[in-house]
Structures are given as structure tokens and as C-alpha cells.
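Protein sequence lines correspond, in order, to chains A and B.
Letter 283 of the first sequence, counting from 1, is numbered 283 in our numbering, and no numbers are missing.
Letter 255 of the second sequence, counting from 1, is numbered 255 in our numbering, and no numbers are missing.
Please note: incorrect hints may appear among the correct ones.
Unchecked claim - Residues from chain A that face chain B, not an exhaustive set, calculated with beta carbons under 10 Å:
(1) V53
(2) R82
(3) R159
(4) A162
(5) V170
(6) D171
(7) A176
(8) V183
(9) G185
Think of the hints as simulated: they come from the structure by calculation, not from any bench.
C-beta: ideal position from N, C-alpha, C; glycine also.
There are 2 protein chains.
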Amino acid sequence: MSPAAGPLGLIAGGGQMPLRVIAAARAAGREVFAVVVEGWGDPEDFRHVPHVVVRVGAGGYAIEQFRAHGVRQVVMCGRAQRPSLLAVRPDAGMAKMLLRIGKAAFQGDDGLLKAAVRVLEEDGFEVLPSQAIVRDALPEPGLLSAAAPDARAREDIRRGIAVVRALGMVDVGQCAVVQQGLVLGVEAIEGTDALLARCAGLRRDTPDGQRDGVLVKLVKPGQDRRVDLPTIGPVTVAGAAAAGLAGIAIEAGGTIVVDRPATVAAADAAGLFLIALRPEELTPTETNP
Amino acid sequence: MSPAAGPLGLIAGGGQMPLRVIAAARAAGREVFAVVVEGWGDPEDFRHVPHVVVRVGAGGYAIEQFRAHGVRQVVMCGRAQRPSLLAVRPDAGMAKMLLRIGKAAFQGDDGLLKAAVRVLEEDGFEVLPSQAIVRDALPEPGLLSAAAPDARAREDIRRGIAVVRALGMVDVGQCAVVQQGLVLGVEAIEGTDALLARCAGLRRDTPDGQRDGVLVKLVKPGQDRRVDLPTIGPVTVAGAAAAGLAGIAIEAGGTIVVDRPATVAAADAAGLFLIALRPEELTPTETNP
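Bound conformation, chain A alone (with noise of 0.2 Å):
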């Protein structure tokens, strides 16, 4: 993080985090070159930053471009599109590293990225995690909002995690949403947003509209944690608060808490809590009736 290290390289997906990444480093007195991803990134948010926008197919290019920009370290981060190889058009560069790494970039959700910070390692580049550069981001365990879980919360938090657990175990989605001890809806590619607004519509009635139900959100396990953590943020908590869910229960050290002080403000506006859990509580109970 010393001058030395050069600006800090960024791969920047789409959404806040990447934003607050070029913040922290900027407030730590340190530059940063983006490559920002077409069709993840949006550019005008990169406006006042050196950068340059790349599809994503041209990973060679990416690359030359950190090294005429004297980048040794690199965040990747942002919401990604898992792409087709279609829809990669590989440039020379980016056609070595696939032939290197074969179809294993293709595979389960995290292929494409476990394939680039691997090239980019071999390429000599050291991958931080993003958490590194924006140290609030990950929340110790404990609760983040005023409202906390009751018991009913706790038991649908608990379902939640071995839910969540059995599709990590397949390298699918991070999270669940439970209402009752039933299963609402399970992530797959659709993104968090589109899980909690298809569970509004999914929910049982409960007593005057009165809230219940948890969105739980999980590290995946075996999930590289420099790249591509599970990430909450204001939006989420405004999603959780129109499906009527009673809060939101995430991995402590493990999900990403994009601009903390807004997510929290906005579980206490809308009187959802928002819990950060360790991982030895996170104890599945038996799940079968």
C-alpha cells in the first residue's frame, strides 16, 4: 500500500463498491487506474479517475494497460454478467490465458473470476481483496441496526444458513429468503434485487402486515475472498423492506457492507434488523419436518 506498489489497479464492475474502493485509496493518498468493465461498469461514475474502459473479452489489453500504468496490485470488484464464450470475443491476450485455463472459466458461477485472478497472478500482479482498501466494509459480528431478531427470525435465520449452505456446497448463489420456516426463494444468477422483489409477491400473510421473514446472505464455502464477495447495501435493505421481510442476517467477515453508515440508516428508517453473524453460530439446525 506504499507509494512503491505504484497506483492501485481496479477491475470495476457495476454498483457502489468499486466507487468506494477509488474513496479509501484516494483518502489513504494513493492513485488508482480503473479498467472498467463495458456493460458492468457504468464509465460516467469514473469520470474524475485515470481509466479506460475494456469489454470483456479483452482481458490482454487490461493487462497491458496496468503495466504501462505501473499498476502491481489489483482490486477486482463491482456487480459481473457471467458471460458466454460467445459473448467474450477473446483478444489475443485474453485467448492465451482461456487456452491456458480452459473450461473451467465457464463453470459455476465464480469460473470466469477464480480464471482471472489466477492469470493475473501468473502475470505477476498481486490480487488484494477489496475489503483491504475499504476497511468498514466487512462488519465484525454483532448487530448492526437498532431493531434486533426475535426468536421466530432467528429460527427462519437458522433454515436460512442450511439453505444457503447446500447451494454453496454446488457453487450456486449466495442466498435465501424464509418467511415461517419456508423457503420463499434461492439465488441463482438473478441477483439479489430480483430474489427479494419476486418474495413480495411470494409471501404468507401475516397478522396487520405485520413483518417477518429473513434474507440471509452467505460467503459461498471454498469462495476465493479477494473477489467477489456477497454484497449489501442500501438497495438491498429497500428490497428487503418492500418484501415485508423482519431483516437481514449476513456472515460476519464475510458479506460486504458497501456504504455501512447509509444500509444501517436505512434498516433503522424501515425498522428491519441487520445482523453480522460469525461463522461457528451459523449452526443449520435439523431442516426436515
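Starting from the known structure of chain A, arrange chain B on it as the hints suggest.
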């Protein structure tokens, strides 16, 4: 199944399967007395059959009605929603049942169905699977359609099997959609039609809009095979076609094909494959890249 067994009792949810049961029973010379669950089945569909419409909480009344009509064997089938305790508003008989069963009736996808089977059996009824009446509902292993899965589709089927089994272990959903090794969606309580509808917007582009990807729909491990078997029909085929999928894989002897001639005809008209796989063929491969 002899006339001595009295009329067949039918607890009917939504969709075509209850109507197929009625047609098959009558073709075999047996009368049917139906309990149509309010909000699940459409009473209009049952106007030519002796029946009573009963709300989901009136389990006590339903059992009285079966007794009054000499029913000793019962089939439960059709689409069901999982009600909240609040929505159930149990009658006196149902309240006694719920006390006997406890909160297990409201846990997991299958809690209430399993509870209903237990109550019926304890009350001296025999619970028959719908496939005992509709003989061609459960296909043997093999290809049902003209089209067959290619190597890529077989890969997607293998991945889908691993995902659906992992979900089934935590008593969630019965199906998943996989395209090019990527899990586009997994089912919780939204149902297969809703799953297919959202996957249409999540699929990767293919050259010339070529079909690819599969819907995999299997029996949950430990599922009571007398009730709530996974079901497909012509509407499922239409949804899979609209989502651009190449085909559908089901569990031989486990997934009900509601109207087999119409379902196969729909698959053939759309150029989709429809294959029933033997459990021993359903061997998950390593899915993490």
C-alpha cells in the same frame, strides 16, 4: 380398487392432474368423491363429479364428508399453496389434527402434505398415489420425444442433478435450469412456470438463437411418493420452449407427466427433448471448477 373399496376419495388441488385421476378412475368403472380445496382447485372443473369445496383449514369437515360418502381410499394431488397458520383457520377436527402433529405441519415445503397423509392414515383411510390411478403418469426410463439431448445438454443435465439434489437435501424445490454449465435459476415455492419465465431473461446468447440449456426436475430424497410428486405437462414444455431451452430431464418413475400424449406432442412441435432418467444414471459429477 375393487368396487368393495367404495368410491375413490380425491383431495384436489389445481391443474390437470386431479381431472386425470377422475377420468382414469371412471374409465376403470370407479366413482369418485372429490374434496376440492378452496383457492387451489377450480370448482368449475368438478361440476360433473360429486364434490364439496372445502377451505384448507376445514380438514375435520373433509374427513366427515369422506366417511359420509363411504370413501376408504384417498388420492391427494394437484397444485397446492403452502398456507400460513393464520390462513388455515382450523375447524374443530383440524385443530385436533394440528395439535397431534404440532409445528412440523408448517415446516419445510412438505410439512402440511406429510401431516395430511399421517392424519388420513391414523383415521383409517388408505392413501394411494395418483400414479396408481393414472397408469401412464410415470414414464419408464428413456427418451419420450423425437429430439435427444446432445453432449452439451447432457453436461447441463448432470450439473442440474447435482444442484437439485443439494436443494432436496434441505427440503427445498425440485428443479433447476442450467445453461452452458451455469445455473440460471433454482426453484423454491414460486413453481416451475415462474422459474422458467424468469430464466428466459437470464439466459446467455447463443449463435443464431440456437436452443440450449435444460430444465431438470426430480423427486426430493425422502419425499413421500404418494403425494406431491414433481409434475410436468404441456405448460411446462411451453415455458421451457419460451425460455430457449433445449429440453427437459425428469426422473423416471418419479416425475409425473400429467397428460403424456399432449406433453410429448408439445415437445416434438417445439423441437425440445424430453427424457426420463433412471435414478442410477443420475450421478452428479464434480461441479466446482
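Against the structure, the hints:
no.: 1; hint: V53; in the structure: 21 Å, violated
no.: 2; hint: R82; in the structure: 6 Å, holds
no.: 3; hint: R159; in the structure: 8 Å, holds
no.: 4; hint: A162; in the structure: 5 Å, holds
no.: 5; hint: V170; in the structure: 4 Å, holds
no.: 6; hint: D171; in the structure: 5 Å, holds
no.: 7; hint: A176; in the structure: 8 Å, holds
no.: 8; hint: V183; in the structure: 5 Å, holds
no.: 9; hint: G185; in the structure: 5 Å, holds
Hint check: a violation occurs at hint 1 only; the rest are consistent with the structure.
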